[in-house]
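Trainee: For reference, the chains in residue letters:
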Amino acid sequence: MAQQKSYEEINEKIRRGEAVVVTAEEVIKVVEEKGIKVAAREIDVVTTGTFGPMCSSGAFINFGHSRPRIKMKKVWLNGVEAYTGIAAVDAYIGAGQLPETDPENKVFPGRFSYGGGHVIHDLLAGKEIRLEADAYGTDCYPNKKVDTIITLNDVNDAFIFNPRNAYQNYNCAVNLGDRTLYTYMGILKPQLGNASYSTAGQLSPLLNDPYYKTIGIGTRIFLGGGIGYVAWSGTQHHPNVLRGENGVPMVPAGTLAVIGDLKQMEANWVVGLSYAGYGATLAMGIGIPIPILDEEILLHTVVKDEDIYCPVVDFNEGYPYSKPIDLGFVSVADLKKGKVIIEGKEVITTPQSSYPRARIIAATLKEWISQGKFELTCPVAQLPGADANIEFKSIPDRVPGGNGLNGNRRDR
Amino acid sequence: MKNKIVCYFSAAQSEQPIIYRLVKNYDLIVNILKADINPLKQGYLVMELEGSKEKYKEGLVFLKNLGVIVEPLSEKVVWHDDLCIQCGACASFCPTEALAIDRETMLVSFDDTKCVLCSMCLECCPTRAIILHFDVREAV
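Protein chains in written order, with my numbering: chain A, 1 to 412; chain B, 1 to 140.
Everything labelled a hint here was simulated from the structure, so no lab data went into it.
Treat the hints with care, as some may be off.
[Stated by the list, open to error] In silico EDC-like cross-links for lysine to aspartate or glutamate, where the CA-CA straight-line distance does not exceed 20 Å: (1) B:K64 - B:E15; (2) A:K73 - A:E8; (3) A:K339 - A:D307; (4) B:K53 - B:D36; (5) A:K73 - A:D134; (6) B:K2 - B:D27; (7) B:K55 - B:E97; (8) A:K339 - B:D82; (9) A:K189 - A:E343; (10) A:K144 - A:E42; (11) A:K339 - B:E104; (12) A:K304 - B:D102; (13) A:K127 - B:D82; (14) A:K337 - B:D82; (15) B:K4 - B:D82; (16) B:K64 - B:E48; (17) A:K339 - B:E97; (18) A:K304 - B:D82; (19) A:K5 - A:D294; (20) A:K29 - B:E104; (21) A:K127 - A:D139; (22) A:K304 - A:E32; (23) B:K41 - B:E15; (24) A:K373 - A:E8; (25) A:K337 - B:E97; (26) B:K34 - B:E54; (27) A:K213 - A:E8; (28) A:K106 - B:E123; (29) A:K337 - B:D102; (30) B:K34 - B:E15; (31) B:K2 - B:E54; (32) A:K13 - A:E42; (33) B:K4 - B:D102; (34) A:K189 - B:E97; (35) A:K189 - B:E123; (36) A:K74 - A:D157.
Remember, predicted model here, so these are calculated numbers, not experimental data.
One chain only, chain B, in its complex shape:
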């Protein structure tokens, strides 16, 4: 199975090689999409986790036993089409064609199921119409 999850961890947990254990002990494929650690070493990690159903569950138990809070990723890139001026600059930076240009009309569209949260589009949007909407809580 394959899921996008958010892990919230404390300073003590952030010192541990959590990802290494997930790969080594649970044979999981880890794709880190976004990570942020504040000056107090608390932080969050957004990742895509892939593996057999059994190993996946064991991996999550391992995280939870460490005290890491694991939540499914409901966060996403939000495209505000009311702010968008349809220049299309974002589409050329999107690696998955989640943001794409219809070459007939040159209109930009966004398919969030294709989005991998790489954030490349955020910086290049001149009207800041694309926003990474993270329901990330204050670090625990």
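The following block holds chain A by itself, in its conformation from the complex:
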């Protein structure tokens, strides 16, 4: 198919304030009315959005130095440990990290009221954060202890770096067992008591660009209310999976690693979450613009909830013990209506991802682009595509005291 537009042509229109931008919801109707050919000529950008729990998230922070200087060995923010096995006052705070004092699941189900995600949210909300650090002391970094109060304004740098966000499609979780389960997909009532799902469906970024034709490394995005970039394919990126005729994966597939300056984000779009019995995590708001370079790219953005299917996965035995239990597929359209049929039974659906917020993100990004505040970037490299040969691995089961593979070990 002949290329109809270039990134530069679209950016030129954005700068002139003439770009035609629609959300991934609105585009469905426009194409229905005008047809693909006309719509592809008229529309310049389709905006997507998603807002949901994304555990593989966190932030790098450089605190600046204490006087005298310190090489942190351990560091805590509001009692939540950040990883500081990098340079002296650099650290990474992960969304799922808990304070050492958290009772976890000792009284089941634990509440997990505060974790790394909440710390990041509190920093963004301008709250005061207790910073504690320990060190062993060196000639260059003699200080052994820091205990103070900081805010986001006090640190040199803070940027979000999320290794896996914006999952392209996700499992619909159910419970075939006899007791209530407390999972990262929320509470699952026994005997197919509910079905929990987490996707923005027809608004979801990677479901609107299923073959990663425009979303790639370097794509500028809406990240947590500010501007971020796609840094890499996310962890567990697995594009070579079962896909429908429309190219949309039928199972969890592509993922994105994203990066962006925390200091220009908004607390409203980076929210700490507590999942009873599971842990703490973070809800991220992500919106990705899709440049309509040709008809094929447009065709993929008109995907509707009824054309997107999620696999139903049992969280009693199927998921935790990797047992293959085939429960079929359900459509996002049915999930959003509130009831689906699984194993012949009508099951109430439990959303985890916020559709209303995904809609606001897509609309916000549309506004930014329409007003000339946000230009598109051409990816500097593509993500591994559907023809990649990526194998999904698990941790090998080997005996450390045994012979291992070839004896090429440091302790041998």
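Got chain A; can you put chain B on it based on the hints?
Mentor: Only chain B this time, still in chain A's reference frame:
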């Protein structure tokens, strides 16, 4: 008549079969919504009480004569929409559709007149935007 009430009782009162008497002697329909007894056996009981006007009044007199403090239930489930991220998880656990999703917009709303204080929504809310607001005083 039908009302939601809170009863505060002492250790001595908590040992007595109060509910049984209300049902047996006053023909009242009792629906216990929430109860909590502390290690000292003091506690409170939130219940919906239903019966004829006369029996209802007699039942309350019986409770008061035992020394149980009875107050109308002003407590409720409070939904903080500023903390809510509109995921909608709560609505699937709500038995009375007090928390409901508009399927067009997928927006969550809360109608406290429909709420029966079952507390199912409290645990499943990831931002803890739903709080059981009890004006329960220290146990007497």
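Trainee: All the hints need checking, so say for each whether the structure fits it.
Mentor: Going down the list of hints, with the structure as the test:
Taking the CA atoms of K64 (chain B) and E15 (chain B), the gap is about 16 Å. The hint holds against a cut of 20 Å. Simply put, K73 (chain A) and E8 (chain A) have alpha-carbon atoms about 48 Å apart, too far for the 20 Å limit, and the pair is violated. For the hint linking K339 (chain A) to D307 (chain A), the alpha-carbon distance of about 17 Å falls within 20 Å, and the restraint holds. Among the hinted pairs, K53 (chain B) with D36 (chain B) is inconsistent with the structure: their alpha-carbon atoms are about 28 Å apart, more than 20 Å.
Taking the CA atoms of K73 (chain A) and D134 (chain A), the gap is near 6 Å; set against the 20 Å cutoff, the hint holds. Among the hinted pairs, K2 (chain B) with D27 (chain B) is consistent with the structure: their alpha-carbon atoms are about 13 Å apart, no more than 20 Å. Of the pairs offered as hints, the one joining K55 (chain B) and E97 (chain B) is violated, with about 31 Å between alpha carbons and a cut-off of 20 Å exceeded. This hinted pair does not check out: K339 (chain A) and D82 (chain B) have alpha carbons roughly 28 Å apart, beyond 20 Å.
In summary, the hint linking K189 (chain A) to E343 (chain A) is supported, as the alpha carbons are separated by about 16 Å, within the 20 Å threshold. A hinted pair counts as satisfied when its Cα atoms are at most 20 Å apart, and K144 (chain A) with E42 (chain A) does not qualify at roughly 62 Å. Restraint check for K339 (chain A) and E104 (chain B): satisfied, since their Cα atoms lie roughly 15 Å apart, inside the 20 Å limit. The suggested pairing of K304 (chain A) with D102 (chain B) holds, with an alpha-carbon distance near 19 Å, which does not exceed 20 Å.
Straight-line distance between C-alpha atoms of K127 (chain A) and D82 (chain B) comes to about 17 Å, which keeps the hinted pair within the 20 Å bound. Between K337 (chain A) and D82 (chain B) the alpha-carbon distance is near 25 Å, which puts this suggested pair outside the 20 Å criterion. Taking the CA atoms of K4 (chain B) and D82 (chain B), the gap is about 28 Å. The hint is violated against a cut of 20 Å. Between K64 (chain B) and E48 (chain B), the direct Cα distance comes to roughly 17 Å. Compliance with the 20 Å bound is thereby established for this hinted pair.
The suggested pairing of K339 (chain A) with E97 (chain B) holds, with an alpha-carbon distance near 14 Å, which does not exceed 20 Å. The straight-line distance between the Cα atoms of K304 (chain A) and D82 (chain B) is roughly 30 Å, outside the 20 Å bound, and the hint therefore fails. A distance of roughly 7 Å separates the Cα atoms of K5 (chain A) and D294 (chain A); the hinted pair therefore holds under the 20 Å criterion. Restraint check: the Cα-Cα separation between K29 (chain A) and E104 (chain B) comes to about 15 Å, which is no more than 20 Å; the hinted pair holds.
For the given pair, K127 (chain A) sits about 34 Å from D139 (chain A) by alpha-carbon distance, which is inconsistent with the 20 Å threshold. Between K304 (chain A) and E32 (chain A), the direct Cα distance comes to roughly 12 Å. Compliance with the 20 Å bound is thereby established for this hinted pair. Our distance criterion of 20 Å between C-alpha atoms is met by K41 (chain B) and E15 (chain B), whose separation comes to about 8 Å. A C-alpha spacing of about 15 Å is found between K373 (chain A) and E8 (chain A), which places the hinted pair at or below 20 Å, so the restraint holds.
As the CA atoms of K337 (chain A) and E97 (chain B) are separated by approximately 15 Å, the hinted pair is consistent with the 20 Å bound. Among the hinted pairs, K34 (chain B) with E54 (chain B) is inconsistent with the structure: their alpha-carbon atoms are about 25 Å apart, more than 20 Å. For the given pair, K213 (chain A) sits about 16 Å from E8 (chain A) by alpha-carbon distance, which is consistent with the 20 Å threshold. Proposed proximity of K106 (chain A) and E123 (chain B) is supported: the alpha carbons are some 17 Å apart, at most 20 Å.
Using a Cα cut-off of 20 Å, the hinted pair K337 (chain A) and D102 (chain B) holds, with the two alpha carbons roughly 9 Å apart. Pair hint K34 (chain B) plus E15 (chain B) holds up; C-alpha atoms about 17 Å apart against a cutoff of 20 Å. A C-alpha spacing of about 12 Å is found between K2 (chain B) and E54 (chain B), which places the hinted pair at or below 20 Å, so the restraint holds. Between K13 (chain A) and E42 (chain A), the direct Cα distance comes to roughly 12 Å. Compliance with the 20 Å bound is thereby established for this hinted pair.
Of the supplied pair hints, the one linking K4 (chain B) and D102 (chain B) is violated, its CA atoms being roughly 28 Å apart against a limit of 20 Å. For the hint pairing K189 (chain A) with E97 (chain B), the CA-to-CA distance comes to about 18 Å; that is within 20 Å, so the pair holds. Between K189 (chain A) and E123 (chain B), the direct Cα distance comes to roughly 13 Å. Compliance with the 20 Å bound is thereby established for this hinted pair. A C-alpha spacing of about 19 Å is found between K74 (chain A) and D157 (chain A), which places the hinted pair at or below 20 Å, so the restraint holds.
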